[in-house]
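Each chain, written out:
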Amino acid sequence: MDSNKKYWKGLEELNKTPEFVEKNKHEFAEPLPIEEVLSGAGLASRTPRRDFLKALGFGVGAVTLAACQKVPVHKSIPYLIKPEEVTPGVANYYTSTYNGHAILVKTREGRPIKVEGNPGDLLAGGGLSAQAQASVLDLYDTNRLKDPQLNGGDAGWDEVDAFVKQQLAAAQAGGKKIRIISSTVHSPSTQAVINDFIAKYPAAAHINYDAFSYTGIIQANQQSFGKAVLPHYNFDKADVIVSVGADFLGSWISGEEFTKQYVSNRGSKALESKKMSRHIQFESGMSITGTNADARIPVKVSEEGLVLVALYNAISGTTLPGTKKLESAKAATAVTLAAKELLAAKGKALVVAGSNEVANQVVANAINVLLGSYGATIDLDNPSNQYKGNDAQFVAFINEAKRGEVGAAIFLNANPAYDYFNAKDVKDALGKIKLKVSFSSQKDETADLANVIAPNHHYLESWGDDSAVSGYYTVLQPTINPVYNTRQAEQSLLIWSENAVTDYYTYVRNNWVNNLLTLGGLSGQSGWETLLQTGFVKVAPKTAAPVTNAANVSAAAQLIAANSAKLAASGDDKVELQLYINTAIGDGSYANNPWLQELPDPVSKVTWDNYAALAPKYAEKLGVEEGDVVKIEANGYSIEVPVLLQPGQAQGTVSVAVGYGRTHSGLVGNSVGKNAYPFASFSNGTIGKTLVATISKTGEVSPLAQTQTHHSYEGRDVIREVSLKEYLKDPAAGTDHGKEHKTYDLWEAHERPVYDWKMAIDLNACTGCGACIVACSAENNIPVVGKDEVRRRREMHWIRIDRYYSYEKNGQAAADEETGLVTKEKEIAKLEDLDHVTVVHQPMMCQHCDHAPCETVCPVLATVHSSEGLNQMAYNRCVGTRYCANNCPYKVRRFNWFNYWNDSRFDNYLQNEHTQLVLNPDVTTRFRGVMEKCSMCVQRIQAGKLKAKIEKRPLTDGEIKVACQQTCTANAIIFGNANDPNSELSKALKSERTYYVLQELNVQPGIGYQVKVRNTIENELA
Amino acid sequence: MASHSESIIREPLITGKNITYAQITNEVLLPVENKPNKAWWIGFVVASLGALLWVVSISLTFWYGLGEWGLNKTVGWAWDITGFVWWVGIGHAGTLISAVLLLFRQNWRNSINRSAEAMTIFAVICAATYIVAHMGRPWLAYFTLPLPNQYVLWVNWNSALMMDVFAISTYFSVSLVFWYTGLLPDIATIRDRAVPGLRRRIYSILSFGWSGSVKTWQRFETVSLILAGISTPLVLSVHTIVSFDFATSLEPGWHTTIFPPYFVAGAIFSGFAMVQTLLLVTRKVLGLENYITMFHIESMNKIITLTGSIVGVAYLTEFFIAWYSGVEYEQYAFINRATGPYWWAYWSMMSCNVISPQLFWFKKLRTSIPFSWALSIVVNIGMWFERFVIIVTSLHRDYIPSSWVMFYPSWVDVGVFIGSIGLFFTMFLLFIRFLPSVAMAEVKLLLKSSSEQAKKKLIDHGHLDAEQVADYKDALKKYDSVDLADYETIK
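Here the protein sequences come in this chain order: A and B. Residues in the first sequence are numbered consecutively from 2, following the working numbering. Residues in the second sequence are numbered consecutively from 299, following the working numbering.
Be aware that a few hints might be false.
[Said to hold, decoys possible] Simulated coverage check for chain B against chain A, where a stretch passes if three residues somewhere in it have a Cβ under 8 Å from a Cβ of chain A: (1) 356-369; (2) 539-551.
[To be verified] Which stretches of chain A does chain B cover? Using the computed rule of at least three CB atoms under 8 Å from a CB of chain B, they are: (3) 916-930; (4) 998-1007.
[Claimed, not checked] Computed from the model, here is a short list of chain A residues facing chain B with C-beta under 10 Å: (5) S713; (6) R795; (7) R878; (8) C879; (9) R894.
Think of the hints as simulated: they come from the structure by calculation, not from any bench. Fair warning: this is a prediction, and the values are worked out from it, not measured in the lab. Where a beta carbon is used, it is the ideal one built from N, C-alpha and C, also for glycine.
With the hints as extra help, turn the sequences into a complete structure.
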C-alpha cells in the first residue's frame, strides 16, 4: 500500500535549502581526491623491483615467524544436546556415601570436584574427615588401571570373564575352596552380592580382613555377652571418659562420629550450660585423642592392660589375680582418681581400650558392666558394622592356601600382600592358588601377585549403598561416567556368578525397593527417587537388652599380666614398639593421595614420612636427636626411620605409624616412609600391634618435613587456656574483657554497609584433626609442594593448625607464671620430665584484619579491603615483593615460590591434564611469584549472595558455609555476618570466652577465638 | 682562588716535588691512555667471572622462580634485601663526599670524589638489580610506577616500598648527573690529548662540546653547586626511606623510630669503608700516592670511627628501648638476636661494626695502609651482618611461635650476592680504564694552594711561625709519599 506520508530527516531537507540540495548531490560531504590519486605518483608509477622484493621479503618473513608459534589445539566438544541438569558454571550436588557417611558430591560440568558432608548424616552431621575430603582426588589418579588385566597384560572384559568363570567352575568342581577376601563389607547390597556368589559357588566363603582389625573387641563381646559385635559407642552420653590407648578422636573405629559426640559435651553449648565432660587418657604414644584429654597419663605399652586391671580393681574393690603395681606412681594415683570419677558418674561413664588383645577388652567390658555403661554409653544391640574383620579367619585362609586347599581367591579392597604382617606367607599362599583375582583399581602389592585384575570403579563412579551402623542406611550413586575401562566389583561378581540380574544398578535398586526402603517408610520408584535425593534412611534403634557378664575376668587379668611381662622391654637397646594408624594415611590405602601425604600429622606436624616417636629423655639416653635415623629391629625384620622427639611419649616406648613404605601404590605413595606392618604378630586369636624391639643408631640423618618446628607458645597470649573451675567462677577468665585499653585509629574505619564477614573459632571444640586443611586445599586449588619443599618450610596451606605444648610444673594448672605454668623454650629445655605435657590446637588462617598490616605495605595495592570486611588478594596485580607476608603478624600468607602447576622439575602430582580436572573452576590457580592466602572462600560468599539475589530474598544466616567450617565435625568454626546481631556468629563473638589473637597490636583481626577450657584434675593428681 | 696561600698548619693535599699541571694529567690519565697492565687484567678477569656467576644465578631465579633462593613461608626477605640495603648504604659515601663535603668546602674531597661517585653509581645499580630480582614477577616491575592506565590501577603511596622506588631512582639519576657533570672537563682533556680517530670522536661526543672558556667554567661551578644542593638532602633521605621499609612495619625488631638516623650513619660508615677498600688499592696500582695521600686516608678513617660509634650507640639504644617498652615481642626479638640461633651473626656485627672501628683511636693504626684496608673489609662484613641480623633474626621468630623457622641460604642466594660484587668490580675496573679515576681539574685547583710543594715554597720564603712549621713537619711524618729528607735542612 502506498502511503502519502512524508518523512524527512531534518529541517534542511524539509525546507530544501539550496545548500542542502547542492550537498545532497554528492555521496561524500567533502570531495574525495580520487583524481589526484589516480593521476599522480600513486597508481601510475611503476612498482620498483626493490620495493617488490622488500614487500615479498617482509611478507615471507612475517608469515614464517608467525608459523613458528605453535598454536595449541584445544579440542572441545560442545554439547550438541545439552543435558538438562548441566549448566556450565553452576554446580550440581548429588547425594552419595563415603565409607558409611552420607555425603554430597559437588560436580561441575559433569565432573565431581568436591565431597561435602550431608548435613543429615547420622554419624558426623555434615562433617567429614580429611580422608573423605581427599578421596575425590583419587578419582583422577593417573596411576589407576585403565583396563582389566589378565596374566599381566591388558585384556578385554569378555576374556577376563571367560577365564574367571572357567577357573571358578574348575575350582568348584575340583573340590577346592574359593575365598573372597575383603576389608569389612558394610554395604547391604555388596553383602547380598557376595551371598549370591556363595550360593552359586558353595565352595566359596567370605572373609572380612581388616589391616587394623577390632577382633579383640568383637571376640571379647562374644565372651562377655555372647554377641560377637563391635558395639556402637555414645561419647555424648558420657560425663567421664577413660580411654586406655584408644585414639577415639582419630583412627579408632569412627573418629568423626566420636568427635561430634565428644565435642557436644565440651564445646560452647555445653559450657554455656556449665557442663563439660572429663576425659582421662592413658596411652604410650601421643595420639590426637591424648592431646585433647583433660588429663593424659603416659604409660608403657606393656602397662596398658595393667591399667585396665588396676582400674577394675579400684572400681570393684576387689583384687584380680595377676594384678601388678604400675611403674609410675602418678599413673597409679590417676587410676584411683579415674575410678572415683567413673563411679561417681555411674551410668554416664565410659571406658574404652585400644588394644586388640581379647583379654584387655574383656576387662574393659567388665569395667563398663560395673559402671552400668551398657544401654547408656555403649550400645550392643545396634552395633557398628564398620569393622567385622576376624584375624583368625584370615590366618586360617593363609594356612589353607599354603596347604594347597584353595583354588580361587578374590580380593576386594584388601591388600594383604602389603598390610598382612607376613608378606612372605601371603606370597607363598597365593603361589599355590590357581585363580587370584584383585579388584584393586591400581596394581597394588596384592594385585601384582594376582593373575586377574578386574579394576573396580572409584566410588564416585559407582552405585551401591552402605550401613556403617545398624539402622542407618545410605545410598551410593555415581556422579561421573567411568573414566577408564573399569567395572564395578559387585557387577563382576554378579557376572561371574551368573546372577539373574547382572546390572548392579538394577540389583541395588531391587535390594532397596524390596528390603530397605520400607525401613525408612518409603516404597517403590518414588521412594527410590526420594532416597536418591535425601541420601539415607534411619531406622529407630532397637532398645537395649540387659547385659550380664559371662566372661572370666580373672583369667583375662592373668593373661594380661603374662602378656605384659612378655612385652616389658628389658635391656638398654630394647624398646616397646607400638604400631599405630595416623589420621592422614590410615592403613596405607590412602598412600597415593598427595593431599593426605602433605597433611601434617595433627600431633607431630610431620608430612610425607613415618618416624620413630621417642620421648626426648629416652632419645637423649640413646644418644639420638630429631631427624637421626634409627634402626628398629624385631622378629627378623628391621626398618630405618628418622627419630621424632615426642613430648608425652612414654619412656622406653617407640611408636611407628603403619601405612607407609608402599611399593605399588603409585607415583605419590611409593617409598614414602617405611612399612611397619611386618612387626605385627598373631597370638591369642588376634593380630597384635605391640612388641619388643631393638633400637639402634645408624648414624644417618634424614630431616623430617615438619610444618611446625617450634612447639612451645612461649607463654604468649596467643593461646588462652583456663581450667573449668576458673571458667565456672568467671566465664570471661583468660580473656581481656573489662580490661580493654582505649585504642586510637590512624585510619578511618572501613565501610561495611551490608555484610561484615567474620569468624569465630572455639578452641574447646577443635580437636586438631586437620580435615579443614584438606577441605581448604580441595576448595581453593592449593598446590601440593612435596617433601623437599615442606622441608624448606614452603607448604602452601591456607589454614594450618598450630599445635603447642605446655607443661605444668608441680602439677599446677593456674595460668600465670608465678604459679608454675612453664611454656618458654629455654625453661622447657631445662626440664627433666617432658612426659606430662598438655597440648592445645589452634586453627590459624588469614584473620582478615580491619587494620590489616599487609594492606598498608603493598606497593601496588594488590591486597586491599573489601566493603564486606574481607582482606582480598588481587593475584593479577601482585608483583611478589613479599612485604605483606613479612608484615603479617600471624604469618598466614603463602608465596608461590615456583610455578607449582607446571614445573617439571618437581612433580606435585597435579601437573597433568587429567588430575587437574579436580580443580575448582571457581578459583583460579596462582602463578609463580604471587602471594596467596585464605580468602574466606570468597567464591562461596559470592555464589551465596548471587543465589539470594536471584531468588529476590535476603541472605539467611548459615546459608554460606566456608570449606573449613563445613567439614568440621566438631563445629569449631562459625562463619557469618557480624552486621547481623542475630547471626550465630555474632552470638559466638559475644561469648565471654572470646578473645582475639594479638589483639594488643590493634590490627583488629576478624577471627575471634574462644578460650580453651580444660576440665583439669591436676591439683588432685600432684 | 688557587693563588691564595693556605695556612701552613693545614696538611698538604698533594704531595711530591715539582708537580705540574701536565704531570697531574699525565699521571691520572696513565691507565686511560695506555694498554692496561697485568694487575688490571687479573682483576678484570676475576671480577667478570663474578659477574658471570651473577648472570647465572639471576637467570636461574628468573627462569624457575624465587624458590631457587632459601626463603620460606616465614622469612620472606633475607639475602636479597640484605644485599639491597648493603649496596645502597655503600653508595652513600660517594654522595656525601661529592655533595656535602663540597658545600662544606672540604677541599680534600677533590682527590677522592670521582671514584667515590663512580662507586655510588655502581653500588646503586647493584642495589637496583636486587629490587627487581627480589620480585616474584619481575617482568611486572613497572607495576610499581604510577603509570596512568585504563584499569584505573594506582600505586600505594602508604607503602615504604613505593617510596623506595622513588628514592632509589631519584638517587640514581641525580648521582649520575652529578658525576657526569664533574667528568666533563676531564673528558675534554682526554679528547684534546687523543690523536684524531674513533677514540677522539667518542670522547668528543662524551665531552658535550666542552670548550674550557671562562663562561663554561663558571657555569660548571654553578651547576656543581646546585647539584650538590640537590644531592645533599638525598644523603639523608634515601637511607631514611630505605629504613622505612622496616620502620613502618609491625615486625618486632623493625618497628623502631631510631631507624632513619641509625641507617644513615650506618650507610656512611659502610660507604667510607668501601671507598677505602677501593682507593687503597687503586692508589697503589695506579701510582696515585701523591694525590690520594695519608691525609685522605686518615680523614676517612676518622669518619669511619665517628659513624661506627653512632651505629654502636644505636645498637645499644635499640636494646634499651626494647627493654623499656615492656613489649614482650620486642624484648624477645632482641634477646633472640643476641642469644638465639643466629647469635653468631649478631656478635659478628657487634665486633665488626662497634668494636673494630674503635681501634682507629690509635694514630698508628689509622695511618697504617694495610690495617686500614683490612679494617675497611671488616666494616663491610659487619655492615652486611647488620642488615642480615635486622632482617632475618627479626623475621624468623616474630609473633606466633608456631611459624618460627630457620633460614638457610641456597647456593643461588650466595651466587647472586657474590655475583653482585663481581658486577660492581667489573664496572669499577672498566671505569678506571676509560675515565680518569681522579678529578684532574679539581685536583689541579689545589696544586697552587694546598700542595706540599706550595707549602714548601712558603716555608722556604720564611715569615712563618716556627712552631707552626714544626707542627707541619711533624704532620708530614705519617705520609708515605713525602720525602722527609727535604725537610731536614730546615731549621
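- request: Closer than 8 Å, Cβ to Cβ, for at least three residues: run that test on the stretch 916-930 of chain A against chain B and report holds or violated.
  value: Holds: 3 residues of the stretch 916-930 of chain A have a Cβ under 8 Å from chain B.
task: Mind checking the CB of A/C879 against every CB in chain B and telling me if the closest is under 10 Å?
output: Holds, about 7 Å.
message: Tell me if the interface restraint on A/R878 is satisfied: Cβ within less than 10 Å of some Cβ in chain B.
response: Since chain B brings a Cβ to about 7 Å from A/R878, closer than 10 Å, the hint holds.
task: Count the residues of the stretch 998-1007 of chain A whose CB lies closer than 8 Å to any CB of chain B, then report whether that count reaches three.
output: This one holds; 4 residues, not fewer than the three required, reach chain B with a Cβ under 8 Å.
- request: State whether the coverage of the stretch 356-369 of chain B by chain A holds or is violated, taking the criterion as 3 or more residues with Cβ-Cβ distances under 8 Å.
  value: holds (count 6)
query: Would the hint on A/R894 stand, with a C-beta cut-off of 10 Å toward chain B?
result: holds (8 Å)
task: Answer holds if the nearest beta-carbon of chain B is closer than 10 Å to that of A/R795; otherwise answer violated.
output: holds (5 Å)
field: Agreement of hint A/S713 with chain B interface, Cβ distance less than 10 Å
entry: holds (7 Å)
message: Between the stretch 539-551 of chain B and chain A, are there enough contacts, at least three residues with CB-CB distance under 8 Å, for the coverage claim to hold?
response: Check passed, 5 qualifying residues.
In this structure, none of the earlier numbered hints is contradicted; all agree with it.
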